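Peer 1: What follows is the residue order along each chain.
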Amino acid sequence: MKKYIEVAVLGQPNVGKSTLFNILTGKKVRVANWPGVTVEIHEGERIHRGHVIKFVDLPGIYGFSTTTIEERIARKYILSRQPDVVLVLVDGLNPERTMYLLIQTLEITPNVVVAITKYDVVHAHGIHINYKALEHKLGVPVIPVSATSMQGIMHLLDVIIDVAEGRKGRRDLLEVDYKELNVFIESVMEVLEKLDTSKIGFPKRWMAIRLLEGDPEIEGIVKRTLGEEALNEIINIREEIKRIYKRDPAELFSSRRFEYINELLKGIIIRASVEAKHKFITKYFYHPVAGPLISTSILLAVFIFAFTINTGFPFDIILEELGYHEIAVALEEYSIGGLMEKGFSILSGFLYKIMGESMSSHLLIDGIIGGVGAVLAFLPLIMVISLMLAILEDSGLAPRIAVGLHSLLNKIGVSGHAVFPIILGFGCNVPSIMATRAIPSLRERMRLIMTLPFIPCQARLVVILAFASALKGLNGALLILYGYVLAFIVFAIINRLLYEYDKKKGVVVEPDILLELPPIHKPILRVIWWHVWDSAKHFLIKAGTIIFVLSILIWFMTSYTPELTYTDDVSNSIAAGIAKVFAPILSPLNMSENVGWIIAFALLMGFIAKEAVVGSLTILTEANSAREAIRLLGLIDSQIAAITVFTILYVPCLATLAVIYFESRSWKVALLTILIMMSVAYIGMLITYFLSLII
Amino acid sequence: MIQSSLESLPPGKRAKIVGYMKGGGWTYRLYQMGLTPGAVIEVVANYGKGPIIVRVMGVEIAIGRGIARRIIVEPL
Ligand SMILES: Nc1nc2c(ncn2[C@@H]2O[C@H](COP(=O)(O)OP(=O)(O)O)[C@@H](O)[C@H]2O)c(=O)[nH]1
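Chains as they are written, first to last, in the numbering used here: chain A, 1 to 695; chain B, 1001 to 1076.
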């Protein structure tokens, strides 16, 4: 008996794969109502009846061609790793279409278990599936499951073990009837006869079909193993199909597959017509004027709501302006951010009292609590924002927003496909850049990879809010608004410029959209919670590792002289020594010398992680909160605004830079991104400074 | 039989896909999403501007106009 049972989980986008994977493994992978989000391969284990079942979450794909990276990853995995079981998900709300992947999987492996997802809502949609009959026809187990009601999950696990141990399932591959194309498949198989498939691991019939559809990867294999001549023979057969039927062979094969599915499902699936729900959405979301308006309003509302319950912002300021000082103060004090700030300052005071003034108390209180605490105070904000974004994603609103904004985005040379990476970018630029993999046009994707880092992520939001909190009255609100608007304008302009450049070089494809719109539904609580917990965890881990280490490092660099003796005077410290080299770059901002280098130092640290800008300032000023730190520095409003703008726009953090390189596989792209961002940030900073001096 | 491009179909109209005009790299993805010749589609929204929304096999799909222009259909 095997110790491990390896199960590859496969499904088309939106079938509910991430949700089910999380249920099966208790692991938290990103569940997103968006094609192409599962781009890395996640794994998770589960012990069931004495067996260790390892689930491998393959990317969501439509079929096994080579049109996207994801399709190549998935098919390579199944063919070369030969997992014990391939669990193929069929969407209960969309069985006909999602069976397409199942049929193709059965052509390459017989060890298949089928799960029909979302069974809790299938009947409500007027769909009835005779899954027993389907099981009988396909010869592999078919289990209806639901991630919300947990129906079928245990049974599914039992069946997976049965198939892995050979008690259930089929032995041979499925031979789809391609009708008039069958003879051509056989001709190609004859050419392939001499091929030793045991070495390659690909089934011959499947190879023949793929060759007729046109598959560069398999053509390469044939050329390498059987030679040019055999390949030409096969290409001739393909040309013959084209000549006879006057159609693209790939089109014919796809049509035959769907016909095969339709015949298979005859009498197995019955659809009662159910009144289409959410009709108003089609009426307004897709409207050329109302669509963009609703889409932007939703996104704006999300942010205003999140800001308000976290910081009291912007209502505290409005109340203040209207003369309701007390209410405004109370709103700020009892906002989540206000409470956190108070907590940390009480904690610091308490620790000083019991530990006294010593080097270790300085390290703990000013270094660690100062640095990490200043960042941690923003945890609730991050959770609230991911909550809102999760609702957008899970309800199915996000792809509608993509449609609503498509025409607008066309003006800057990208398509509606960019909406999801942009939304993710508000959280963190790293997944945002990875999500561009789902964008079909390569040039559009490259342009986005270079410009997405301009979208202010949550780390930069932390910095923006910290600086804004130091401004009085409406100015704080204006700074945040200005920061976001400016970031957007820059994102748009640079995209447009890159687009024009591509156009000049003649490598541009007009950005177009082709996007599945999953049904709108009430968000699933469990899924929402995963999202929130996921980003909270990400943030906490970051605060506990990078920010923690950085805080100690910063404290060390600010408490020791270059000769490594302890000093109370930061201007003699190592940090000051380094930063003073860079400080002249900021000289147009007219800061006094001992403030200038502190800012320069904070910005240097921000390159590692943007939150560190805030952490550095609190440590260097020995303040309890970012607000206090900035007050202690005595910056004027124009300087604060200029530094904020610079922080939003300058180099991406190290993690983002790494992902830019890995996704583009090009140093040129990574370096160009830094160059663009640095120059834009500097210009933006100067403009902001002089503009705000005039006003 | 009158053939036209998907782009010109009004909302509510049902049509059968007949074929594709050459060009663009989208064809294979269209096949995979169920938009093969012979498939019956229903136009959900078409405002003459912006993406066209169609329903095929019970799934709604947004199709940009550049792509829709190249899909040849036969209204039912
Ligand atoms: N009613 C219901 N909805 C589900 C179920 N599983 C997933 N969904 C929803 O289906 C959508 C797509 O799910 P997701 O796991 O992101 O699909 P993926 O793209 O295949 O990973 C989400 O909006 C989920 O909330 C289920 O068992 N029941």
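To be clear, the hints were calculated from the coordinates, so they are not data collected in a lab.
Because the structure is a prediction, the values reported are computed rather than measured.
Treat the hints with caution; some may be incorrect.
The calculated label-pair distances, taken between Cβ atoms and stated as ranges, are [said to hold, decoys possible]:
| id | chain 1 | residue 1 | chain 2 | residue 2 | range |
| --- | --- | --- | --- | --- | --- |
| 1 | B | Pro1010 | A | Ile73 | 38 to 48 Å |
| 2 | B | Pro1075 | A | Lys194 | 33 to 43 Å |
| 3 | A | Tyr284 | B | Val1018 | 48 to 58 Å |
| 4 | A | Gly126 | B | Gly1038 | 22 to 32 Å |
| 5 | A | Arg496 | B | Ile1002 | 48 to 58 Å |
| 6 | A | Lys537 | B | Leu1076 | 24 to 34 Å |
| 7 | B | Gly1025 | A | Asn590 | 51 to 61 Å |
| 8 | B | Pro1075 | A | Lys283 | 31 to 41 Å |
Stretches of chain B that chain A covers, calculated by requiring three or more beta carbons in the stretch to come under 8 Å of a beta carbon on chain A [said to hold, decoys possible]:
| id | stretch |
| --- | --- |
| 9 | 1027-1040 |
| 10 | 1045-1052 |
| 11 | 1055-1069 |
For glycine and all other residues, C-beta sits at the position ideal for the given N, C-alpha and C.
Peer 1: Indicate, hint by hint, whether the structure satisfies it.
Peer 2: Now the hints, each set against the structure:
Checked against the given bound of 38 to 48 Å, the beta carbons of B/Pro1010 and A/Ile73, roughly 41 Å apart, stay inside it. Restraint check, B/Pro1075 to A/Lys194: a C-beta distance of roughly 50 Å breaks the suggested window 33 to 43 Å. For the pair A/Tyr284 and B/Val1018, the supplied restraint of 48 to 58 Å is violated, since their beta-carbon distance comes to about 32 Å. Our hint of 22 to 32 Å for A/Gly126 and B/Gly1038 holds, since their Cβ atoms are close to 24 Å apart.
Our hint of 48 to 58 Å for A/Arg496 and B/Ile1002 is violated, since their Cβ atoms are close to 40 Å apart. Range check, A/Lys537 to B/Leu1076: Cβ separation about 52 Å, and the 24 to 34 Å hint is violated. For the pair B/Gly1025 and A/Asn590, the supplied restraint of 51 to 61 Å holds, since their beta-carbon distance comes to about 54 Å. Distance hint check for B/Pro1075 and A/Lys283: the Cβ-Cβ separation is about 23 Å, which falls outside the suggested range of 31 to 41 Å.
For the stretch 1027-1040 of chain B, the stated coverage by chain A holds: 12 residues have a C-beta nearer than 8 Å to a C-beta of that chain, and at least 3 were required. Check result for the stretch 1045-1052 of chain B against chain A: holds, 6 residues qualifying (beta carbon to beta carbon below 8 Å, three or more required). Check result for the stretch 1055-1069 of chain B against chain A: holds, 12 residues qualifying (beta carbon to beta carbon below 8 Å, three or more required).
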